[in-house]
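Undergrad: Next come the chains, spelled out residue by residue.
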Amino acid sequence: MNDIELKNVSKSFGERQVWDAFSCTFKAGEITCIEGASGCGKTTLLRLIAGIEQPDSGTVTGVPERIAFVFQEDRLCEDFSARSNLRFVCGSSKTKAELSAHLKELGLDAGSHQPVRTFSGGMKRRVAIARAICFDADCILLDEPFQGLDAELKQSVMDYVLRYTKGKTVICVTHDHSEAEYLGGRTILFPPSDNLT
Amino acid sequence: MNKKTQLWKGLSAAFALLLWQLLAMKIGMNILLASPVEVLKRLAGIWKETDFWSAVFFSFGRISLGFLLAFAVGIVLGILAGRLKFLEYFLFPYVTVIKTVPIASFIILCLLWMNFNQLTVLIAFLIAFPVIYTNVLQGIRSTDKKMRELAKLYRVPWQRRLIYMDMPSVKPYLLSACSVAIGMAWKAGIAAEVIGLVDGSVGEKLYQAKVYFQNADLLCWTILIILLSVLSEKIFVFLVKSVFRGVEKL
Numbered sequence: 001m002n003d004i005e006l007k008n009v010s011k012s013f014g015e016r017q018v019w020d021a022f023s024c025t026f027k028a029g030e031i032t033c034i035e036g037a038s039g040c041g042k043t044t045l046l047r048l049i050a051g052i053e054q055p056d057s058g059t060v061t062g063v064p065e066r067i068a069f070v071f072q073e074d075r076l077c078e079d080f081s082a083r084s085n086l087r088f089v090c091g092s093s094k095t096k097a098e099l100s101a102h103l104k105e106l107g108l109d110a111g112s113h114q115p116v117r118t119f120s121g122g123m124k125r126r127v128a129i130a131r132a133i134c135f136d137a138d139c140i141l142l143d144e145p146f147q148g149l150d151a152e153l154k155q156s157v158m159d160y161v162l163r164y165t166k167g168k169t170v171i172c173v174t175h176d177h178s179e180a181e182y183l184g185g186r187t188i189l190f191p192p193s194d195n196l197t
Numbered sequence: 001m002n003k004k005t006q007l008w009k010g011l012s013a014a015f016a017l018l019l020w021q022l023l024a025m026k027i028g029m030n031i032l033l034a035s036p037v038e039v040l041k042r043l044a045g046i047w048k049e050t051d052f053w054s055a056v057f058f059s060f061g062r063i064s065l066g067f068l069l070a071f072a073v074g075i076v077l078g079i080l081a082g083r084l085k086f087l088e089y090f091l092f093p094y095v096t097v098i099k100t101v102p103i104a105s106f107i108i109l110c111l112l113w114m115n116f117n118q119l120t121v122l123i124a125f126l127i128a129f130p131v132i133y134t135n136v137l138q139g140i141r142s143t144d145k146k147m148r149e150l151a152k153l154y155r156v157p158w159q160r161r162l163i164y165m166d167m168p169s170v171k172p173y174l175l176s177a178c179s180v181a182i183g184m185a186w187k188a189g190i191a192a193e194v195i196g197l198v199d200g201s202v203g204e205k206l207y208q209a210k211v212y213f214q215n216a217d218l219l220c221w222t223i224l225i226i227l228l229s230v231l232s233e234k235i236f237v238f239l240v241k242s243v244f245r246g247v248e249k250l
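Protein chains in written order, with the numbering used here: chain H, 1 to 197; chain L, 1 to 250.
If we strip away everything but chain L, and leave its shape as in the complex, we get (with noise of 0.2 Å):
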C-alpha cells in the first residue's frame, strides 16, 4: 500500500468516526448510540473488569479450538475427495446442508441436543469447515495434469506427490480460505454464545450489554470482538504461511 493509499483510507475512517460522534451527539442518548469517545473511554477500563481476560480466553479458546478442528478436517477430506470421487459424492449432501442451512438453526438444534459449554466449538467448526473443505478439494482439482502425468510415469508416492504437488496447488486457495473461515467462524461463535447465552463468555457479555441498555459496552465487546478476529486471523494465516515455506525448504 502506497502513502497516497494509505492517506486516503485514513481520511475515509476519521470521517466515519466523526459521522458516528455527530450521529451520536444528535440522537443524544447513550443507551441507543453511544459515541466514539465513551466507547473509547469504556475500552480503557474494561479489561481491568475480573472477568474480562476470562471471557476473552473462554471465547477465544473455544471459537479457536472449532475452527481447527475445521481446519484439519476439511484438509484431508478435502485432499480426499479430490482424490476419490466417490469421497465428494458422498459428502456432497452433508457439505451441502451445512453450507445452506441458516446457522440459527444449527445453533438452536444444538441447544437441545448438547452442552451449552460446546457449543461455540460446534457452531465454530459448522461455518468454518464448508470453506476450508471446498477450497481445499478446489486446489487440488487445480493441481497441473502434465504434473500428475509425470508423478504416475516416475511411480512417485503419494507422501510425495502429496508434499510437491499438491501443497502448492492448495496454498493460495487455503490461505484464503483461513483469512475468510476464521472471521465467519468469531461471527458465527458469537452469535452462537448470545444465542445460547453461554456462561462466562463474550457473547453472555453482549447479551447482558443489550439486557443493561449499556451502549457502550455492546460497542466496546463488537470492537473486541473485531480485534480478535483480526488478530486470531493473521496469527494463523503467518503460521500457515511459515509452514508453507518450511515445506518448499525441503
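Just chain H, same shape as in the assembly (with noise of 0.2 Å):
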C-alpha cells in the first residue's frame, strides 16, 4: 500500500478557489484527522481523493482500489434493511452473520427487517459507518462521522472504527477537536498554512 500523495493540486468551483498548488502526503497504514471551518475545502479534499472530483491541476497519486467513504449525508437505500444496505455495497462477499454481528457491534437490531428510513438519524448514521467498514477497503474516508451521535454512543462507534481500521489508511474530516483526538494519528489544520508532507 502506496502513500497518498496529493501534489500541487488546484481546485476551484466557478469563481471559487478552493485549494491553490495544494500538496500533502497521507502516510499509508496511518489515521490522519482534518480539523477546520466548515467551507475551507475539506469534503472537497476528500472527494479529490475519491477521485469523485477532478483536479484542475495538480495529481492525486497512490490511491488504493478499495475506498469506503462515509460522506456526511448517510446515503442508504433506505426502503431496506440495515442488514441489506451493508449486504449492497459487500455482496456475498460477507456472511449473514458477519453483517449482523458488525451490526451488533453498533448496537443495531441485526435481525430487523425494518427498513432503515424508519431508523432515527443516529441509527442511519451507524449504519452508514457499518457499511463503510464491513467493505474491507484499503483507505477510508470519513467525513464528520459521528456527527449527530450523542457522546456515549460516540466513544463507542469510534472505537469500533479503531478495531476495524487498524492497518488501513483512514482520513477522517472534523470539527471537534475531542474527536481527533480520540482517535489519534497526525491532525491537520485547516486551512493549512504551508504544504504539508
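One should not assume that every hint holds.
As the list claims (entries may be wrong) - A short, non-exhaustive set of chain H residues, derived as facing chain L with CB atoms under 10 Å: (1) G51; (2) F71; (3) E73; (4) C77.
Since the hints were derived computationally from the structure, they do not count as laboratory data. Glycine is no exception: its CB is placed at the ideal position from the N, C-alpha and C atoms.
Could you fit the two chains together into a complex? Lean on the hints.
TA: Following this line, the structure appears as C-alpha cells:
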C-alpha cells in the first residue's frame, strides 16, 4: 500500500478557488484527522482523493483501488433493512452472520427487517459507518462521521472504527477536536498555512 | 377512506343510478337505453349462456398477454434507456409514433397485416407499452445522483444497483403506470375486437348487441368489461407490490 500524495493540486468551483497548488501526503496505514472551519475545502479534499472530483491541475497518486467513504449525508437505500444496506456494498463477500455481528457491535437490531427510513438519525449514521467498514477497503474516508451521535454512543462508534481500521489508511474530517484526539494519529488543521508532508 | 366519504360516494352512485332509471323511463325504448333494472336482470342470466365464459377467457387471455408483453418489454427497455442515453434517443421516434398515432389507425393497419386472433394482443401491447416504458424511464432518471456516486465508488455491480437503487425509484412510477395501462389495454383491446370482429371475443358480443339492438346486452357487457378491467388491475398491482415487498426483504 502506497502513501496517498497530492502534488500542486488546484481546484476551483466557478469563481471560488478552493485549493491553489496544494500538496500533502497521507501515510499509508495511518489515521489522519483533518480539522477546520466549514467551507475551507475539507470535503473537497476527500472527494479529490476518492476520484469523485478531478483537480484542475496537479496530481493525486497512491490511492488504493478499494476505497470506502462515509459521506456527510447517510446515503442509504431507505427502503431496505440495515443488513441489506451492508449487503449492497459487500455482495456475498460477507456472510449474514458477519454482517449481523457488525450491526450488533454498533447497537443496531441485526435481525430487523425494518427499512432504514424508519431509523433515527443516529441509527442511520451507524449503518453508514458499518457499511464503510464492512467493505474491507484499504483506504477509508470519513466526512464528519460521528455527527449526530451522543457522547456515549460516539465513543463506542469511534472504538468500533479504530478496531476495524488497524493498518488501513484512514482520513477523517471533523469539526470536533476531541474526536481527532480520540482517534489519534496525525491532525492537520485547515486551511493549511503551508504545504504538508 | 373515512365513513363520511364512503357515505357521500355511495349516495352519489345511488343518485346516478336513479337518474339512469328515470332517463330510461322517460325515453321508454329499450333499444335506445335499457334501464338499470333490465341490465341487472340480464347480468344475472348472461353468465349461464354457452359462449359467455369462452368469450370472457378469450378476451381476458389476449388482453392480459398483450399487457404482460408490454410490461416486460417496457421495463427492460425503460431500464436500458435510463442507463444508455443513445438507446433513449434511438427509441424516441418509435415511442412517439406509438403514443400519438390514433389506435383506430393501428387496428386497421393490423387488420391488413395479420391474423385477426392476434389483433387484441398487439393492440393491448401497443397501448400499454409507452405508458410502462415512459414511467420506468422516468423512475430510473429519478434515482438519487448521490446514491449513484456512492454505488460507483463502492464498485457496486449493476445487478445490485438494479435491486437496491433502481427498483425503489421505479416502484411508484411502475405501480401508477400499471393502473393506467391495464385500463387502457382493456379499452383498446375491446375496441380492436369490435372493429376487427374477432370471432368468439367480448368485442364481438358488443358488436352483436349493437346489430340486434340489444341495449341491455350492450350495457351488460360494458359493465362486465369494467369489472374485468378493475379486477385485473387490482390483481396485477397486488402481485407487483408483493414482488417489491419480497425484494425489500432481501
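Undergrad: So, for every hint listed, does it hold in this structure?
TA: The hints, checked one at a time:
1. For G51 (chain H), the interface hint holds, the least distance from its beta-carbon to any beta-carbon of chain L being 8 Å, beneath 10 Å.
2. With a cut of 10 Å, the hint placing F71 (chain H) at the interface with chain L holds, because the nearest CB-to-CB distance is about 7 Å.
3. A hinted interface residue such as E73 (chain H) counts as satisfied when its beta carbon comes closer than 10 Å to some beta carbon of chain L; here the least separation is about 7 Å, so the hint holds.
4. Taking 10 Å as the C-beta cut-off, the interface hint given for C77 (chain H) holds, the closest approach to chain L being about 5 Å.
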